[in-house]
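Q: One-letter residues, chain by chain:
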Amino acid sequence: MAKKRMIQAINETLHGEMAKDDKIILFGEDVEISLFGDTRGLKDKFGTRVRNMPISETVMSGMAVGAAAAGYKVVCHMMFGNFMYTGFDSIANQASKLRYMTAGQIELPIVYMGVFGGGRSAAAQHSDAMHPMFMNLGGIKVALPATPADATGLLRAAIHDPNPVMFLQAAGRGGESGEVPDEEQIIELGKASTVHEGNDVTMVAIGAMVRSALRAARKLAKDGIGVELIDPRTVVPLDSEAILASVRRTGRLVVVDEARDMCSAASHIAAVCADQAFYALKAPIRRVTVPDVALPYSPPLEKALLPNEGRIADAVREVLGKKAVEEV
Amino acid sequence: MNQQKTNFSNEQMLAFYRDMLRIRRVEEQIGKDAKAGNIPGAVHLYIGQEAVGVGFCSQLSDDDWIASTHRGHGHYLAKGGDSKLLMAEIYGREGGMCKGHGGSMHVADFSKGIIGANGIVGAGISITTGAAWAAQLDGKGAVGIAFFGDGAANQGVLCEAINVAQLWKLPVIFVCENNGFSEFSPSSTVTAGNIVDRAKPYGAAHEAVDGNDLIAVWQCAARAIKRARDGEGPTLIEARTYRQRGHVEAEASFLGSAYRTDEEVAEWIARDPIPAFGKRLLDAEQATRSDLDRIEKEIMGEVAEAVRYAETSPYPDSANQTTSYMFA
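Chains as they are written, first to last, in the numbering used here: chain A, 1 to 328; chain B, 1 to 328.
Since the hints were derived computationally from the structure, they do not count as laboratory data. Treat the hints loosely; a few may be bogus.
Unchecked claim - The calculated lysine to aspartate or glutamate pairs, modelled on EDC-like cross-linking and capped at a C-alpha distance of 20 Å, are:
1) A:Lys23 to B:Asp138
2) A:Lys43 to B:Asp138
3) A:Lys43 to A:Asp22
4) A:Lys303 to A:Asp261
5) A:Lys3 to A:Glu183
6) A:Lys20 to B:Asp138
7) B:Lys169 to A:Glu29
Stated by the list, open to error - Residues of chain A clear of chain B, computed beta-carbon distances all greater than 10 Å:
8) Ile33
9) Ser177
10) Arg215
Backbone N, C-alpha and C fix where the C-beta goes; we use that ideal spot for every residue, glycine too.
Could you put together the complete structure from these sequences and hints?
A: What follows is the structure, encoded as structure tokens:
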């Protein structure tokens, strides 16, 4: 084990995989200089397999489809997840449908990378959590690593997966460190991990929300409240079985998601549990999400909207029938 | 110089004639079937534009890539696609090229370099650019050709693609088949300037050609293909032709008024590329009437066989196959 920053873990994984497999190619805006640091050094090492793109998301997301159809494993770095909206046709109409429409004639190994989420005053057009939009497309897997170890294992799996995968890094979390195993790890897409154990309430947290959820779980443990915190790690495929098994045991569910509430990953997970674990539930399901607004620029406004430890802990107390407290 | 070639052998000339007539007769059958209610979805016919598809695709191998449009049967057949599998796909049958999952607008055969027809206007432009990047990395001289219409030329992706293809010297050819109509709108009402000129600001090669003259198309294609294979970058070609049929078969049943005159259609039918080419063959004594009759008969046999195959192919099993190619 070694302590690594999230961005370093991603960078090392890209270096390692590209060195092993010369069919892996990577392109995107400013990937040579690398704004976030995740693609730094790749150009020097891999030459024409790494290319800076013009700011042309529409052609870029489609080029990824063409290059993958022609036999390459493509990493397409879209920089900010919000920019994926500009290149959305090739993601929504092409990448997500081509394998199905052609009855599986080809593999389409594409990793679309981008940072997502708020917390840094990046304002409305650089702060969306857009994973629910991809969840509804049907043919795209969606990975949201919460730790450096998961980032490396999920990215490795994503690169070699025969399907398009969205690899969404939490924008404000690149500098976070965590232990990464020395041996190469592949984390199967669709396998949740249990981050904190407990018997009173099941909590599902997604991406960057895992850290706040974990803090809340640790504080609640001191008050004698046992939270079982599950990080699904990918929302497509979703490890519904792991979530349902926990909910059937605890009878209570809180879902924490940085997406806007309407049609969020949280609402889908809540629906699945209401549907399939209804008789085990002892209390209504609570979602801790972002209200249906654009994220504002000013720090106090943004902070008030994003799920935080306090709101998460309040939701847990609420499903336990305990009065929510103002400060946790 | 090969690209200046005019003295084609009698055999080659007959092959051009056969390839064009084959597309025509298959599509006439599809038109009849659509009218008779044998086809579940919409069909968009290529009738009148065959010289473009054949002029380009007759110079390609299975290693070269093409992407096509919603009007894609002609490109599929010209690139070597099987007519039985096409017909069964349009009929929505298990024996179709995509096992009934794609239909008319999504026929594809990756084993023959046919990335496929596409229901999104202009979408093939970016995909082909990506496939051309893959071909450049492979270094084996393969090229990518994106066929699209004058309507698609008004999608911003064309400018994005010409820019990156010219910068990277990609082996890609952008073939705009200007058939006079952007769905139900005459080109003159939605398109400013000449489409071929859109390559100029990027410094990319460009050429306009009479899309109803197979030999002229062939020569123009040869120049662009050579440029691509020699590493000299992309070419934008505007092939001027005419859509003899409607945007979609059966449009008369829902359109309240006409968007063109009968005289205009008649004028272009008089310039139909196939009878003109047949006459050229006879006048130059490169073929006899009986040669042409024999080809007609062979093709009608192929069409009958394709229909028989499609009609007798079962529908896909809806109990087991609705999700079978998701994340295959």
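Q: So if I understand the rule, the pair passes when the alpha-carbon distance is 20 Å or less; does Lys23 (chain A) with Asp138 (chain B) pass?
A: Measuring from Cα to Cα gives roughly 10 Å; hence the hint holds.
Q: Please verify whether Lys169 (chain B) and Glu29 (chain A) have alpha carbons no more than 20 Å apart.
A: Given that 20 Å is the threshold and the Cα spacing comes to 18 Å, the pair holds.
Q: Against chain B, does Ile33 (chain A) hold up as non-interface, every C-beta pair farther apart than 10 Å?
A: holds (17 Å)
Q: Quickly compare the C-alpha distance for Lys43 (chain A) and Asp22 (chain A) to 20 Å and report which way the hint goes.
A: Satisfied, since the Cα-Cα distance of roughly 13 Å is no more than 20 Å.
Q: CA of Lys3 (chain A) to CA of Glu183 (chain A), is that 20 Å or under?
A: OK: Lys3 (chain A) and Glu183 (chain A) at ~13 Å, within 20 Å.
Q: Between Lys43 (chain A) and Asp138 (chain B), is the straight-line Cα distance small enough, at 20 Å or below?
A: holds (18 Å)
Q: Measure nothing beyond the straight line between the CA atoms of Lys20 (chain A) and Asp138 (chain B); if it is 20 Å or shorter, mark the hint as holding.
A: holds (17 Å)
Q: Just checking, Ser177 (chain A) versus chain B, shortest CB gap more than 10 Å?
A: holds (33 Å)
Q: Holds or violated: Lys303 (chain A) with Asp261 (chain A), Cα cutoff 20 Å?
A: holds (16 Å)
Q: Determine whether the non-interface label on Arg215 (chain A) survives the test: each CB of chain B must be over 10 Å from its CB.
A: Holds, since 34 Å exceeds 10 Å.
Comparing the model with each earlier hint shows no violations; every hint is respected.
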